[in-house]
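J.: Please work from the sequences and hints to get the whole structure.
Listed in order, the protein sequences are those of chains Y and V. Going by the working numbering, 247 is the number at position 247 of the first sequence; the sequence numbering is gapless. Each number in the working numbering comes from the position in the second sequence (counting from 1) with 597 added on.
Rather than coming from a laboratory, the hints here were simulated on the basis of the structure. Note that beta-carbon positions come from the ideal geometry of N, C-alpha and C, so glycine has one too.
Coverage of chain V stretches by chain Y, computed from C-beta distances (three or more under 8 Å per stretch; other residues unrestricted): (1) 613-622; (2) 632-639; (3) 657-663; (4) 681-695.
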Amino acid sequence: MEDVQYKMMLCDGVSCIHNQSKELQSAIESELDKSGIRDAVSIHLSGCLGMCNKGPILIVNPGYTIYGGVGSEDVPEIVQSHLVEGKPVARLVIEEDHLYNRFFRIFGDVDFFGKQMRITLRNCGVIDPENIDDYLSVRGYEALAKVLCDMTPEQVVAEVKKSGLRGRGGAGFPTGLKWGFTAAQKADEKYVICNADEGDPGAFMDRSAIEGDPHTVIEGIIIGGYAVGATKGIVYIRAEYPLAIKRLEKAIEDAREHGFLGKDILGTDFSFDVEIRLGAGAFVCGEETALIHSIEGARGMPRPRPPYPSVSGLFGKPTLINNVETWANIPVIILDGGEWLSSIGTETSKGTKVFALAGKVHNTGLVEVPMGTTLREIVYDIGGGIPNGKKFKAVQTGGPSGGCLPEEYLDTQIDYESLAKAGSIMGSGGMIVIDEESCMVSLARFFIEFTQDESCGKCTPCREGTKRMLEILTRIVEGKGKAGDIEKLERLGSMIKKSSLCGLGQSAPNPVLSTIKNFREEYEEHIEQKKCRAGQCVALLSYVVNDECVGCGACKRICPTGAIEGTRKEKHLILDEKCIRCGQCYDVCKFEAINKV
Amino acid sequence: MVTPLEIIRKKRAEAVNRIVSKGYLSTIRVYVGMATCEIAAGSKEVMEVFRQAIANGLTDVYLSQKGCAGRCNLEPTVEVIEEGKIPVKYGRVTPEKAREIVERHLKKGEVITEWAI
Chain Y
1 MEDVQYKMML CDGVSCIHNQ SKELQSAIES ELDKSGIRDA VSIHLSGCLG MCNKGPILIV
61 NPGYTIYGGV GSEDVPEIVQ SHLVEGKPVA RLVIEEDHLY NRFFRIFGDV DFFGKQMRIT
121 LRNCGVIDPE NIDDYLSVRG YEALAKVLCD MTPEQVVAEV KKSGLRGRGG AGFPTGLKWG
181 FTAAQKADEK YVICNADEGD PGAFMDRSAI EGDPHTVIEG IIIGGYAVGA TKGIVYIRAE
241 YPLAIKRLEK AIEDAREHGF LGKDILGTDF SFDVEIRLGA GAFVCGEETA LIHSIEGARG
301 MPRPRPPYPS VSGLFGKPTL INNVETWANI PVIILDGGEW LSSIGTETSK GTKVFALAGK
361 VHNTGLVEVP MGTTLREIVY DIGGGIPNGK KFKAVQTGGP SGGCLPEEYL DTQIDYESLA
421 KAGSIMGSGG MIVIDEESCM VSLARFFIEF TQDESCGKCT PCREGTKRML EILTRIVEGK
481 GKAGDIEKLE RLGSMIKKSS LCGLGQSAPN PVLSTIKNFR EEYEEHIEQK KCRAGQCVAL
541 LSYVVNDECV GCGACKRICP TGAIEGTRKE KHLILDEKCI RCGQCYDVCK FEAINKV
Chain V
598 MVTPLEIIRK KRAEAVNRIV SKGYLSTIRV YVGMATCEIA AGSKEVMEVF RQAIANGLTD
658 VYLSQKGCAG RCNLEPTVEV IEEGKIPVKY GRVTPEKARE IVERHLKKGE VITEWAI
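T.: Spelled out as structure tokens, the structure:
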């Protein structure tokens with residue numbers, strides 16, 4: 001951390017660039033030089049700050065002073081009056097009270113957070129999640145009160161439609177439409193469900209959201225219940241998230257005590273309650289019809305749609321089912337307006353998306369970015385690039401249902417359509433960065449092994465097809481691949497995609513198909529030359545001692561299978577047939593005398 | 598009739614009062630990340646250090662937990678906020694580092710820049 005007195009954030013969002021934020025930056029820099037306080041102030045470019053109509057936006061911290069419509073001619077005054085004398089320039093200050101921008105007020109960590117825009121995670125890492133007072137103090141449950149006071153259920157649905165919000169579970173179905181379908185049904189009882197069955201390997205967005213701010217999700221669910229005419233809400237969450245469950249339980253209890261849940265909420269005649277159902281950790285239960293079966297007490301298996309849950313869902317009643325992140329958007333849409341949310345993002349995808357950034361990047365973590373941010377900005381600006389000087393190879397989005405995008409797709413904008421066009425999917429938000437040391441065939445095999453294991457077994461393409469794909473991939477990484485295997489994988493993959501019953505099967509071949517499309521040469525090397533360029537497939541790897549060996553014997557002592565021979569002070573030898581490729585000799589050698597070939 | 602919005606405004610005012618009565622307006626506020634990931638990285642022990650320090654007479658400090666802000670590789674995180682100053686976030690805090698933060702930052706006002714994010 002630099003030793004600075006002021007941190008300035010300059011909006012670098014698309015519309016602020018039109019409003020000349022770059023010129024502004026150089027104007028500020030030269031003015032700081034002139035005043036001799038360059039070292040005491042740091043300037044950071046941020047992603048869209050959501051105040052585009054008043055841009056360019058400049059925020060000065062500490063103090064969280066927001067300047068709007070700043071021109072180069074205003075810079076000397078700001079620098080002199082605010083930064084030198086400590087008096088903010090009142091005529092340029094704008095008052096903005098969007099829910100989300102609370103976040104910037106207290107976060108000094110602008111390198112990581114600068115390009116982010118936190119709407120659904122606005123309270124995560126800011127308030128005490130176990131204290132409802134903290135949530136109330138940040139306008140908590142005000143959206144609910146507003147809805148109950150001034151809005152009819154139809155108006156709520158219309159507001160959500162206006163926002164352009166789409167399902168954050170991955171498929172991207174327009175949320176407002178879904179609400180409208182459920183609301184239009186006539187039934188004696190309706191349900192709303194929060195899908196918190198987060199199952200993608202490496203994904204932890206929903207867990208963090210619930211652990212960091214459970215009330216936002218609950219408030220969203222209650223509003224959803226009001227909008228569609230339901231009286232009961234259910235949160236389906238996996239049992240392996242004990243802390244999230246504990247905080248959710250506490251939040252529900254506190255909300256009941258305050259009269260936000262239960263009979264006659266806030267003195268109106270609207271009654272609604274929420275209960276928690278625990279999932280046993282089956283991946284397929286994230287699919288909505290399987291999830292509903294699981295809540296009903298049946299085996300978690302999908303069924304064909306239609307009828308969609310909005311017509312016939314839980315216990316045959318109309319059911320509205322949305323993902324955690326979708327629910328967390330609702331209070332913001334109500335308080336800041338659907339129109340505001342729709343001003344953020346791209347033509348077809350509005351608002352923000354949370355990603356669990358993992359793999360080979362400096363800053364792994366939870367990030368929330370406006371739609372339209374590029375993959376490059378996430379990997380390099382927020383993620384800080386690839387550690388240890390390694391080369392970027394691919395970024396995997398969408399977990400076991402998604403695909404791998406190589407370097408040429410790094411400038412792809414994040415929205416549902418662009419990612420699909422590039423050959424991956426938005427998914428629920430897993431994002432794994434892969435460097436040159438990872439083998440794409442092994443990666444594809446890992447995901448197929450996962451989906452094969454999690455396939456419920458109901459339909460043949462998914463049950464048998466993924467098994468066959470796994471067999472082929474296993475033999476390729478073991479060096480037993482045959483000519484024609486790649487074509488067989490492609491054929492099988494497209495067949496499984498077309499003929500599977502549910503989303504699990506329909507998307508299971510994606511990791512394989514996308515790696516074949518983008519990294520076909522790696523598959524060919526494995527099959528034809530029995531070579532793994534990443535050095536990850538142990539069967540295709542041998543360890544050999546080179547002439548640097550001084551005969552210290554360290555490798556011989558550590559080898560668990562006695563595969564190394566040699567007398568002291570003489571070059572040693574690794575016996576290939578005894579070697580199990582554990583790599584311990586490679587790690588222990590101080591003379592770089594062992595090569596992987 | 599009292600409208601829901603009026604009820605919520607009253608509740609918010611009460612909530613703010615309760616938070617203030619717990620010492621929110623202290624000179625320094627300390628937040629320790631306490632999500633599953635942070636706890637796994639050792640934040641419970643870190644929290645305990647700050648609790649002990651307050652039990653042993655450290656005053657004018659408001660201590661609270663928070664959820665995960667997303668800095669996975671730097672957890673556990675501890676945030677020290679003083680009104681009118683740029684917030685300081687410490688990463689990879691251990692109980693030993695926490696004790697030093699108490700001694701140097703909380704008691705003497707020295708920002709330990711090499712541990713800050």
